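Peer 1: Guided by the hints, dock chain L with the ligand onto chain F, whose structure is given.
Chains as they are written, first to last, in my numbering: chain F, 43 to 518; chain L, 15 to 191.
No lab work stands behind these hints, which were simulated from the structure alone. No experiment lies behind these values; they were computed from the predicted model shown. Don't take each hint at face value.
[Unchecked claim] Under the rule of at most 25 angstroms between Cα atoms (straight-line distance), these lysine-lysine pairs were calculated in the BS3-like manner:
| id | chain 1 | residue 1 | chain 2 | residue 2 |
| --- | --- | --- | --- | --- |
| 1 | F | LYS186 | L | LYS95 |
| 2 | F | LYS264 | F | LYS275 |
| 3 | F | LYS419 | F | LYS430 |
| 4 | L | LYS95 | F | LYS190 |
| 5 | F | LYS122 | F | LYS187 |
| 6 | L | LYS95 | F | LYS188 |
| 7 | F | LYS257 | L | LYS149 |
| 8 | F | LYS301 | F | LYS427 |
| 9 | L | LYS95 | F | LYS187 |
| 10 | F | LYS257 | L | LYS108 |
| 11 | F | LYS257 | F | LYS190 |
| 12 | L | LYS149 | L | LYS108 |
| 13 | F | LYS187 | F | LYS264 |
| 14 | F | LYS188 | F | LYS275 |
| 15 | F | LYS188 | F | LYS264 |
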Amino acid sequence: MSFEPFNRLVRLAARAFYDDITMKGENQPKTGRGDNRGIAVVVLDALTKRQWVREEDLAKSLRLHSKQLRRTLRFFEEEKLITRDHRKESAKGAKIYSAAAAAAIDGQVVKEGDEKIKMHTHSYCCLDYAQIFDVVRYRMHRMKKKLKDELDSRNTIQQYICPNCGRRYSAFDALQLISYTDEYFHCENCNGELVAESDKLAAEEMGDGDDNARKRRREKLKDMLQKLEEQLKPLAQQLARVKDLPVPEFGTLQAWEAKLSAVARANGDANGGDPTKSSQGQGYGGTPMPFLGETSVEVALSGVEVKEEDTETDTKTTPMKVLPPWMIKQGMNLTKEQRGEVKPVPKIDQSSEPVDDKKPKDIKEDDEKNIQDEYLKAYYEALVKRQKEQEEAARRIEQQQEENRTSTSDQFTASVSERRVGMKFKREENENDDVEWEEGPPPSVNTGETFYKLADLNVEADAVADDEDDIDWEEG
Amino acid sequence: MFFHIVLERNMQLHPRHFGPHLRDKLVSKLMKDVEGTCSGRHGFVVAITGVEEIGKGLIREGTGFVTFPVKYQCVVFRPFKGEILEAVVTMVNKMGFFAEAGPVQIFVSNHLIPDDMEFQSGDMPNYTTSDGSVKIQKDSEVRLKIIGTRVDATEIFCIGTIKDDFLGVINDPGAAS
Ligand SMILES: [Zn+2]
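So that you can see chain F by itself, here it is in the shape it has in the complex:
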């Protein structure tokens, strides 16, 4: 499962729709340093590089005031772009996730202050890709529909206004408004003559001759529609591209944490096992988990050798071509930003720190279909391979000990064993290849993801050397 196409969608949507949104406090003076346009875009971009993230951590890493960030996030929540979760956590934060079910799930829980430790409400957020996809599509649909309807003044219910008292009527009130003395509608209040409300979109055009105004309005609408199609084309294309892909989902905060911690526990990784804890310890570095998942994907790819490499360079160059023209349309300063963001991040090797790990992915915009296909092929190859190994490892474990059948624990143990067994494994590769893995579950996207995350944890825990090892024996 790849986040990248969806992340690109988010970034495009951010620039298209949220570029000039200002987040203003109710009491903040309009003039001051209140101009924070662009923040929305920055926040969304940052979220594409994370999964579930604690909002304070996000604020810290973005150098934003947490209040300001919260306002932005609340806005996005209303826009249905992100999911948020609030809950109370002890200052220590340890073991929270395991008790998560019992503890307050949302922040509105009444008063549980009499717990021994002091509880604070923490908020988390992450992108909701499935919903973003729908929201963006709906928004574009509405925009087009509104313009089109207005263009042929079709399906629009005429509104009328009383110029005297300002009262509004709609065509539905027509029956009551008829006057038998002349051929106009009259206000029920003051008997003033109602005027049809000209469309807001082109209101300023009105004034001179009726016909002329109408014609000009049509032209303006047509123009707007055309511009809209043109400027939103990249977004529309991305939507089309993403349409048939499985939508990545993080699940609820609890589920996500449980998944990660289970992985970590299986790995015997004491610290990594508890995202809450680790985050407590390391400030904003406390969200390392998400990145790990991405890293592993990278690792898997590098295992596939030359052909894969080609694709990567290809994919890397394409965005350079694709992005700029569109960016330029969006406005110059934006272009710079975008470029700035793109350039400093060359293809990062797997050894880079977790925070950056996600970046190379961002840059590789696979635009052409074939490239995408190739990429996918390679990806799945790696995936199957890995799964095979895991399968095998799991089998081994089964022999050693009784196994419980819950699917998650199953996978996790499997991954652990893979890690433990790693080297031994090499010897037996030949045997594994044939019958055994046919029995295994089909490589569903979900499990695939889990596995990768697991692998990642390994990488994180054991440092880079491990990666090299992995690659080696995959080739062998």
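Peer 2: Relative to chain F, chain L with the ligand alone:
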């Protein structure tokens, strides 16, 4: 759109009708009460086609009236958004025109009349094309599309358009004569 549906109603009958013709009396009263009425939910009741069941009457204390639950079949007419209807123009003014399709009143505002038709005032206000070939005036028959309905408890009012393919005048009484 027309529907044939079953509705239920509690009928109150005066004791003087209690006799051999009680059932007939009940049915005729039902017709008188129901036909031609409009409910927002089901639309206009056009005609009662049959009585399915008359339940046990309940004598009301004090008055002696008896309440019968009656199930009856009827044809209802309920306009929907997007529906194409044929209607007779009842009134034309500068703001547009009104038309009736059976019991339903429809208003077509002037911006939903094709751009090439212009309003002509006079004894017989009308909308006419510049070449005079098409004219909408009182008693013209038009085919229109409903783009909005306002449904109250006892009333349905529609907004229509003739600004679309195959909509507009279908029979001009003035031209025929
Ligand atoms: Zn008024």
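Peer 1: It remains to establish, for every hint, whether it holds in the given structure.
Peer 2: Verification of the hints:
Distance hint between LYS186/F and LYS95/L is fulfilled; the C-alpha atoms sit about 21 angstroms from each other, no more than 25 angstroms. For the hint linking LYS264/F to LYS275/F, the alpha-carbon distance of about 16 angstroms falls within 25 angstroms, and the restraint holds. Taken as a hint, the LYS419/F and LYS430/F pair is honoured in the structure, with Cα atoms around 16 angstroms apart against an allowance of 25 angstroms. About 18 angstroms separates the Cα atoms of LYS95/L and LYS190/F, which keeps this hinted pair within 25 angstroms; it holds.
Of the supplied pair hints, the one linking LYS122/F and LYS187/F holds, its CA atoms being roughly 21 angstroms apart against a limit of 25 angstroms. The straight-line distance between the Cα atoms of LYS95/L and LYS188/F is roughly 18 angstroms, inside the 25 angstroms bound, and the hint therefore holds. A C-alpha spacing of about 23 angstroms is found between LYS257/F and LYS149/L, which places the hinted pair at or below 25 angstroms, so the restraint holds. For the proposed pair LYS301/F and LYS427/F, the alpha carbon gap of about 22 angstroms is at most 25 angstroms, so the pair holds.
Note on LYS95/L and LYS187/F: the hinted pairing holds, with a Cα-Cα distance of about 17 angstroms set against a maximum of 25 angstroms. For the given pair, LYS257/F sits about 20 angstroms from LYS108/L by alpha-carbon distance, which is consistent with the 25 angstroms threshold. Only pairs whose Cα atoms come within 25 angstroms are accepted, and LYS257/F paired with LYS190/F is accepted, the gap being roughly 15 angstroms. With a CA separation close to 14 angstroms, the supplied pair LYS149/L and LYS108/L stays within the 25 angstroms bound.
A threshold of 25 angstroms between alpha carbons decides the hint, and for LYS187/F with LYS264/F the separation of about 12 angstroms falls inside it, so the pair holds. Under the criterion of a C-alpha separation no larger than 25 angstroms, the hint pairing LYS188/F with LYS275/F is consistent with the structure, at around 18 angstroms. Pair hint LYS188/F plus LYS264/F holds up; C-alpha atoms about 12 angstroms apart against a cutoff of 25 angstroms.
Every hint from the earlier list agrees with this structure, and none is contradicted.
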